[in-house]
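Number of protein chains: 2
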Amino acid sequence: MKQSKLFGKTTKEIPKDETSINAQYLIRGGFIDKSMAGVYTYLPLGKRVLSKIENIIREEMDAIGGQEILMPALQKKEDWLITGRWDIDVMMKVKTYFDKEYGLGWTHEEVVTPLAKKYARSYKDFPFSLYQIQTKFRSEKRAKSGILRGREFSMKDLYSFHTNEEDLNQFYEQSKKAYFKIFDRVGIKDKTYLTFAAGGDFSKYSHEFQTLTSAGEDIIYICNKCKIAINQEIIADLKNCCPECGNKNLNKKKAIETGNIFKLRRRFSEAFNFKFSDENGKENVVMMGCYGMGPSRLMGTIVELLNDEKGIIWPKSVAPYQVHLVYLGDDKVVLKEAEKIYESLQKEKIEVLYDDRNESAGVKFKDSDLIGVPLRIVVSNKTLKNDSVEIKKRNDTGFEMIMTSELVDYIREYLDAK
Amino acid sequence: MKQSKLFGKTTKEIPKDETSINAQYLIRGGFIDKSMAGVYTYLPLGKRVLSKIENIIREEMDAIGGQEILMPALQKKEDWLITGRWDIDVMMKVKTYFDKEYGLGWTHEEVVTPLAKKYARSYKDFPFSLYQIQTKFRSEKRAKSGILRGREFSMKDLYSFHTNEEDLNQFYEQSKKAYFKIFDRVGIKDKTYLTFAAGGDFSKYSHEFQTLTSAGEDIIYICNKCKIAINQEIIADLKNCCPECGNKNLNKKKAIETGNIFKLRRRFSEAFNFKFSDENGKENVVMMGCYGMGPSRLMGTIVELLNDEKGIIWPKSVAPYQVHLVYLGDDKVVLKEAEKIYESLQKEKIEVLYDDRNESAGVKFKDSDLIGVPLRIVVSNKTLKNDSVEIKKRNDTGFEMIMTSELVDYIREYLDAK
Chain V
27 MKQSKLFGKT TKEIPKDETS INAQYLIRGG FIDKSMAGVY TYLPLGKRVL
77 SKIENIIREE MDAIGGQEIL MPALQKKEDW LITGRWDIDV MMKVKTYFDK
127 EYGLGWTHEE VVTPLAKKYA RSYKDFPFSL YQIQTKFRSE KRAKSGILRG
177 REFSMKDLYS FHTNEEDLNQ FYEQSKKAYF KIFDRVGIKD KTYLTFAAGG
227 DFSKYSHEFQ TLTSAGEDII YICNKCKIAI NQEIIADLKN CCPECGNKNL
277 NKKKAIETGN IFKLRRRFSE AFNFKFSDEN GKENVVMMGC YGMGPSRLMG
327 TIVELLNDEK GIIWPKSVAP YQVHLVYLGD DKVVLKEAEK IYESLQKEKI
377 EVLYDDRNES AGVKFKDSDL IGVPLRIVVS NKTLKNDSVE IKKRNDTGFE
427 MIMTSELVDY IREYLDAK
Chain Y
27 MKQSKLFGKT TKEIPKDETS INAQYLIRGG FIDKSMAGVY TYLPLGKRVL
77 SKIENIIREE MDAIGGQEIL MPALQKKEDW LITGRWDIDV MMKVKTYFDK
127 EYGLGWTHEE VVTPLAKKYA RSYKDFPFSL YQIQTKFRSE KRAKSGILRG
177 REFSMKDLYS FHTNEEDLNQ FYEQSKKAYF KIFDRVGIKD KTYLTFAAGG
227 DFSKYSHEFQ TLTSAGEDII YICNKCKIAI NQEIIADLKN CCPECGNKNL
277 NKKKAIETGN IFKLRRRFSE AFNFKFSDEN GKENVVMMGC YGMGPSRLMG
327 TIVELLNDEK GIIWPKSVAP YQVHLVYLGD DKVVLKEAEK IYESLQKEKI
377 EVLYDDRNES AGVKFKDSDL IGVPLRIVVS NKTLKNDSVE IKKRNDTGFE
427 MIMTSELVDY IREYLDAK
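Residue numbers (our numbering), protein chains in the order written: chain V, 27 to 444; chain Y, 27 to 444.
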C-alpha cells in the first residue's frame with residue numbers, strides 16, 4: 027500500500043476525553059476514528075490488525091473443534107424474559123416503526139441454547155461447540171477506555187454442549203490451553219494470568235484471563251508460585267490465599283480481563299428445557315460452557331502493553347503490515363529504486379506499507395515509529411551508493427545495512443523466526 | 027469435516043411462513059436457521075458460503091482501489107437529523123437504560139461523510155474510496171423472502187470521493203465492471219442486467235443490477251438488443267423505450283436487485299459541508315458515489331437460480347465444500363479406505379465434507395443432492411473392487427469411475443477449470 031493513498035493520516039488531534047494510551051496511539055496513528063463515546067470506526071490500518079487478531083482466534087477455536095456460525099444481533103424479547111435477563115442495564119433495546127421490540131445482543135446464550143436444542147437431541151450428537159466472531163452491543167454508561175470497553179465491539183463467543191460434567195470439564199481445560207496459545211501468538215502471554223473469579227449462582231469459580239496493565243479496571247492478586255491470580259471480588263472469600271497452594275504472599279496488580287470462560291452447567295439448558303436422550307432413552311439436561319474473548323479489546327490491550335514514547339510496537343503476527351518501506355529524498359533515481367523494491371516485495375507476498383510521500387525524513391520516521399510496523403526499510407541516496415537499504419526493527423535500537431539483492435531473504439528469515 | 031460431527035442436520039421441518047425457495051432449501055440443507063421473521067443464524071455450512079461470497083466481493087473492491095474499513099452499526103442521531111433521514115421508517119432506533127438514543131445503521135452516508143471530511147481536505151487527497159462488509163438493520167414490516175430481504179443482513183457498501191464529476195463518472199463506470207466480475211464469479215452473470223432506475227432528486231438515473239428470478243419483488247423491462255433493463259418505476263417516464271437504443275420491444279420480467287450504484291454527487295457532502303481546497307486554494311464541495319451489494323442477498327439469489335427439484339447446485343466458487351466424499355455400506359475395509367481418502371484430500375488442502383454417517387445410500391444421496399456440493403465421490407465395496415471411486419458432478423447426470431490413485435489430479439483439474 028502506498029502511504030500517499032492510504033486513508034487515515036497520522037494526526038496530533040485527539041478527542042479531549044480520550045485519556046487511555048490505546049485510544050491515543052490508535053487515533054494518532056490512523057488506526058481508528060472516534061465516532062461517538064465508546065463507538066469507533068476501524069480505518070484501513072486498524073481493520074487489518076483487527077482481522078489478523080480475529081483470524082488467530084478463529085484458528086485456535088477451529089483447532090479445538092469449534093464450528094463457526096453467525097448468530098444475529100437482533101434478539102427475541104421472549105427468550106430474554108425466559109432467562110430473566112431482559113431488564114439488565116447493559117441491554118440496548120431496539121424498536122421498529124411498527125412497534126416491534128428486540129434486544130441487541132451483548133451475549134448469545136438466549137440464541138444459541140434454543141438453536142442447539144433444535145439440532146441436538148440424542149447423546150450421539152454430543153459433545154459439540156459453536157462459536158462466532160460477531161459485533162456486540164452494551165449500554166456502558168461510562169465508555170472511557172478506548173477500544174478496551176466499547177458500546178459496540180467485536181466479540182468471539184464460543185458455547186460448548188455436553189452430556190455430562192466430566193466432558194464439560196475436559197473441554198473447559200482444553201479451552202484454557204487454546205486461550206494461552208492465542209495470548210502467546212498475539213504477544214501478551216507473559217503478562218496474562220489465569221485468574222479465579224466469581225462463579226455466579228451455578229459454579230464455585232469461573233476463570234478469567236487477566237492481562238497486567240495500568241489501564242485495567244480490575245484488581246487481581248497474583249500468586250508467583252502458581253503463576254495464577256485471584257480477582258479482588260473473591261479474594262476475601264478465599265481468605266487472601268492462593269486457592270492452589272495456600273500461599274498468602276500475593277501481589278496486587280491492575281489488570282484487564284482479556285478472556286473469560288464459564289461453566290454454565292444447566293443454567294440455560296434448564297431455562298429452555300434443553301434435554302438429550304441417553305443410551306437408555308432417558309432424558310437428561312444438557313451441560314453447557316461459554317468462552318468469551320474480544321478481538322477489539324485484545325487489540326487495545328496489545329497497544330497498552332507494547333509501545334514506547336514514540337508509538338506502538340506491533341508484534342509481527344498482528345501488525346497491519348510486515349514491512350514499512352520508507353523512501354527518502356527527492357532524487358528520481360532513488361524513487362525509481364524504491365518503487366522497484368516495493369513491487370518486488372509485493373510480488374513476494376510480503377505485506378508492505380510504502381511511504382512514498384513527499385515529506386521530510388523527520389516526519390516519515392516519526393510516523394513510522396507511531397504506526398509501529400515491525401521492520402523499517404529505508405531507501406536513500408546514501409544507502410543506494412552501496413546497493414543497500416537500511417533496516418531497523420521497531421523493537422530494537424540498532425540499524426543494519428543489507429544488500430538490496432538479499433533483502434527478500436532477510437525479510438523472510440525475520441518473519442519466519444519465532 | 028466429518029458429517030457425523032457437523033452442526034446443522036438436514037431437516038424436513040420448514041417454518042410455515044417460509045415460502046421462498048432460498049429459505050426452504052437453505053433451512054432444509056442446514057445452512058441457516060430462522061431465529062425470527064427476517065432474522066437468521068448462519069450455521070457452519072451457511073457461514074462458509076457467506077464468507078466465500080464476501081471474500082469474492084472484497085477482492086473485486088480491492089482491485090478497483092477500495093480501502094476496507096469497519097464503521098459502527100450504532101449511529102449518531104444528530105447526524106441523521108442533519109440529512110433529514112432520522113424518521114425514515116426503515117430505521118431501527120436503539121435506547122440505552124440511561125436514555126441515550128441511537129440509530130441502527132441501514133446505510134452509512136451519515137457516518138462516512140463526516141469521517142472522510144476529517145481526513146481529506148486537499149485536492150491531493152482525492153480520489154479515494156472506502157468500503158466495509160458489515161451487518162445492517164432495516165425495519166421491514168413484511169419479511170417473507172428468506173435471506174433475500176432480512177431485518178438484519180450482511181452488506182458491502184462502498185463510498186467514493188471525488189473532486190469533480192468526470193472523476194466520479196469514471197469510477198462509477200469502473201464499479202459497474204467490478205460488479206459484473208462479481209456476478210460472473212458467483213455464477214449469476216447470465217441472468218443479471220444493468221438496470222436503469224430512479225435517481226432521486228440529485229441524479230437523472232441510478233443503476234441497479236437486477237437478477238431474473240420469479241422470487242424477485244421488482245419488475246424490469248429488458249432490451250435484448252442492448253442487454254440492459256429498465257425498472258418499472260421509470261418505464262413510463264422513458265415512454266416505454268430503451269434509453270440506449272430507443273427499442274420499444276421490451277421484455278417484462280420479475281427480478282431481484284442484487285446491486286445498486288448511485289451518484290450521490292453533493293447530496294451528503296453539502297449536508298455536512300465537506301469541501302476540499304483545489305490547486306488555487308479555492309474551496310469546492312466534494313462529489314460522492316455509493317455502491318451497495320448484499321452478500322447474504324447474493325447467497326439467497328444464487329440458491330433461487332441454481333437448484334433443481336433435489337436441492338441446491340452451488341457454483342464451485344462459493345460452495346461450502348468442494349468435494350462431498352460419501353462412504354457407503356458397513357464394511358470396515360471400505361471405511362478404512364474412505365478415511366484414507368478423506369485424509370489425503372485434506373492434506374492436499376481440498377475442502378471436503380465427508381459423509382461418515384451410519385445411514386443408507388438413499389439418505390446419503392438425498393442429503394448430498396440437497397446440500398449441493400459440486401463433486402460427489404462415492405467409496406463403496408463395489409468401487410473399491412476396481413481400486414476406484416465413483417464421481418458425479420452435481421450439475422450433471424453422468425457418473426465416472428476414477429482410480430483412487432488419480433483422484434487428487436482429477437479434482438485439481440476439475441477445480442482449476444473455468
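A portion of the hints provided could be inaccurate.
[To be verified] Beta-carbon label-pair distances, calculated as ranges:
1) TYR123/Y with ASP263/V: 25 to 31 Å
2) ALA443/Y with ALA387/V: 37 to 43 Å
3) TYR436/Y with ASP115/V: 20 to 26 Å
4) ASP304/V with SER370/Y: 33 to 39 Å
5) ASP115/V with LYS203/Y: 58 to 64 Å
6) LYS408/Y with GLU432/V: 54 to 60 Å
[What the hints assert, rightly or not] Calculated pairs, DSSO-like style, for lysine-lysine (alpha carbon to alpha carbon, straight line, at most 27 Å):
7) LYS119/Y with LYS121/V
8) LYS121/V with LYS215/Y
9) LYS301/V with LYS38/Y
10) LYS31/V with LYS28/Y
11) LYS373/V with LYS444/Y
12) LYS60/Y with LYS301/V
13) LYS119/Y with LYS60/V
14) LYS121/V with LYS126/Y
15) LYS167/V with LYS150/V
16) LYS121/Y with LYS60/V
17) LYS42/V with LYS144/Y
18) LYS301/Y with LYS31/V
19) LYS143/V with LYS444/Y
20) LYS202/Y with LYS119/Y
21) LYS301/V with LYS31/V
22) LYS301/Y with LYS342/Y
23) LYS126/Y with LYS103/V
24) LYS336/V with LYS144/Y
25) LYS102/V with LYS28/Y
26) LYS150/Y with LYS28/V
27) LYS73/Y with LYS42/Y
28) LYS373/Y with LYS28/Y
29) LYS170/V with LYS265/Y
30) LYS170/V with LYS342/Y
31) LYS336/V with LYS42/V
32) LYS150/V with LYS170/Y
33) LYS73/V with LYS279/Y
34) LYS126/V with LYS103/Y
35) LYS73/Y with LYS60/V
36) LYS28/Y with LYS203/V
37) LYS60/V with LYS444/Y
38) LYS73/V with LYS144/Y
39) LYS121/V with LYS170/Y
40) LYS73/Y with LYS103/V
Keep in mind that the hints were calculated from the coordinates and are not lab data. All residues carry an ideal CB built from backbone N, CA and C; glycine is no exception.
Hints, verified against the model:
Checked against the hint of 25 to 31 Å, the pair TYR123/Y and ASP263/V passes, with Cβ atoms roughly 30 Å apart. The hinted range of 37 to 43 Å is not satisfied by ALA443/Y and ALA387/V, whose Cβ atoms lie roughly 52 Å apart. Separation of TYR436/Y from ASP115/V is about 59 Å and departs from the stated range, judged on CB atoms against 20 to 26 Å. Taken as a hint, the range 33 to 39 Å holds for the pair ASP304/V and SER370/Y, whose Cβ atoms sit roughly 36 Å apart.
Our hint of 58 to 64 Å for ASP115/V and LYS203/Y is violated, since their Cβ atoms are close to 50 Å apart. Between LYS408/Y and GLU432/V the Cβ separation comes to about 58 Å, which falls inside the hinted range of 54 to 60 Å. Proximity of LYS119/Y to LYS121/V is assessed by CA-CA distance (about 5 Å); at most 27 Å being required, the pair is judged to hold. Note on LYS121/V and LYS215/Y: the hinted pairing is violated, with a Cα-Cα distance of about 38 Å set against a maximum of 27 Å.
With a C-alpha separation of about 21 Å, the suggested pair LYS301/V and LYS38/Y falls inside the 27 Å cut-off, and the hint holds. Among the hinted pairs, LYS31/V with LYS28/Y is inconsistent with the structure: their alpha-carbon atoms are about 45 Å apart, more than 27 Å. Proposed proximity of LYS373/V and LYS444/Y is supported: the alpha carbons are some 25 Å apart, at most 27 Å. Pair hint LYS60/Y plus LYS301/V holds up; C-alpha atoms about 21 Å apart against a cutoff of 27 Å.
In summary, the hint linking LYS119/Y to LYS60/V is supported, as the alpha carbons are separated by about 21 Å, within the 27 Å threshold. For the suggested pair LYS121/V and LYS126/Y, the alpha carbons sit about 14 Å apart, so the restraint of at most 27 Å is met. Proximity of LYS167/V to LYS150/V is assessed by CA-CA distance (about 45 Å); at most 27 Å being required, the pair is judged violated. A C-alpha spacing of about 20 Å is found between LYS121/Y and LYS60/V, which places the hinted pair at or below 27 Å, so the restraint holds.
With a C-alpha separation of about 16 Å, the suggested pair LYS42/V and LYS144/Y falls inside the 27 Å cut-off, and the hint holds. The straight-line distance between the Cα atoms of LYS301/Y and LYS31/V is roughly 19 Å, inside the 27 Å bound, and the hint therefore holds. Distance check on the hinted pair: LYS143/V and LYS444/Y sit about 41 Å apart at the alpha-carbon level, beyond 27 Å; violated. A threshold of 27 Å between alpha carbons decides the hint, and for LYS202/Y with LYS119/Y the separation of about 33 Å lies outside it, so the pair is violated.
For the given pair, LYS301/V sits about 56 Å from LYS31/V by alpha-carbon distance, which is inconsistent with the 27 Å threshold. In summary, the hint linking LYS301/Y to LYS342/Y is not supported, as the alpha carbons are separated by about 46 Å, beyond the 27 Å threshold. Using a Cα cut-off of 27 Å, the hinted pair LYS126/Y and LYS103/V holds, with the two alpha carbons roughly 20 Å apart. Note on LYS336/V and LYS144/Y: the hinted pairing holds, with a Cα-Cα distance of about 23 Å set against a maximum of 27 Å.
Of the pairs offered as hints, the one joining LYS102/V and LYS28/Y is violated, with about 32 Å between alpha carbons and a cut-off of 27 Å exceeded. A threshold of 27 Å between alpha carbons decides the hint, and for LYS150/Y with LYS28/V the separation of about 14 Å falls inside it, so the pair holds. Only pairs whose Cα atoms come within 27 Å are accepted, and LYS73/Y paired with LYS42/Y is accepted, the gap being roughly 24 Å. Restraint check: the Cα-Cα separation between LYS373/Y and LYS28/Y comes to about 15 Å, which is no more than 27 Å; the hinted pair holds.
A threshold of 27 Å between alpha carbons decides the hint, and for LYS170/V with LYS265/Y the separation of about 59 Å lies outside it, so the pair is violated. For the hint pairing LYS170/V with LYS342/Y, the CA-to-CA distance comes to about 47 Å; that exceeds 27 Å, so the pair is violated. With a C-alpha separation of about 20 Å, the suggested pair LYS336/V and LYS42/V falls inside the 27 Å cut-off, and the hint holds. Simply put, LYS150/V and LYS170/Y have alpha-carbon atoms about 35 Å apart, too far for the 27 Å limit, and the pair is violated.
Among the hinted pairs, LYS73/V with LYS279/Y is inconsistent with the structure: their alpha-carbon atoms are about 41 Å apart, more than 27 Å. In summary, the hint linking LYS126/V to LYS103/Y is supported, as the alpha carbons are separated by about 20 Å, within the 27 Å threshold. Restraint check: the Cα-Cα separation between LYS73/Y and LYS60/V comes to about 30 Å, which exceeds 27 Å; the hinted pair is violated. Between the alpha carbons of LYS28/Y and LYS203/V the distance comes to roughly 24 Å, so the proposed pair stays at or under 27 Å and holds.
Using a Cα cut-off of 27 Å, the hinted pair LYS60/V and LYS444/Y is violated, with the two alpha carbons roughly 45 Å apart. Between LYS73/V and LYS144/Y the CA atoms are separated by roughly 18 Å; this keeps the pair inside 27 Å, and the hint holds. The suggested pairing of LYS121/V with LYS170/Y holds, with an alpha-carbon distance near 19 Å, which does not exceed 27 Å. This hinted pair checks out: LYS73/Y and LYS103/V have alpha carbons roughly 25 Å apart, not beyond 27 Å.
Hints 2, 3, 5, 8, 10, 15, 19, 20, 21, 22, 25, 29, 30, 32, 33, 35, 37, counting from the list given before, are not met by this structure.
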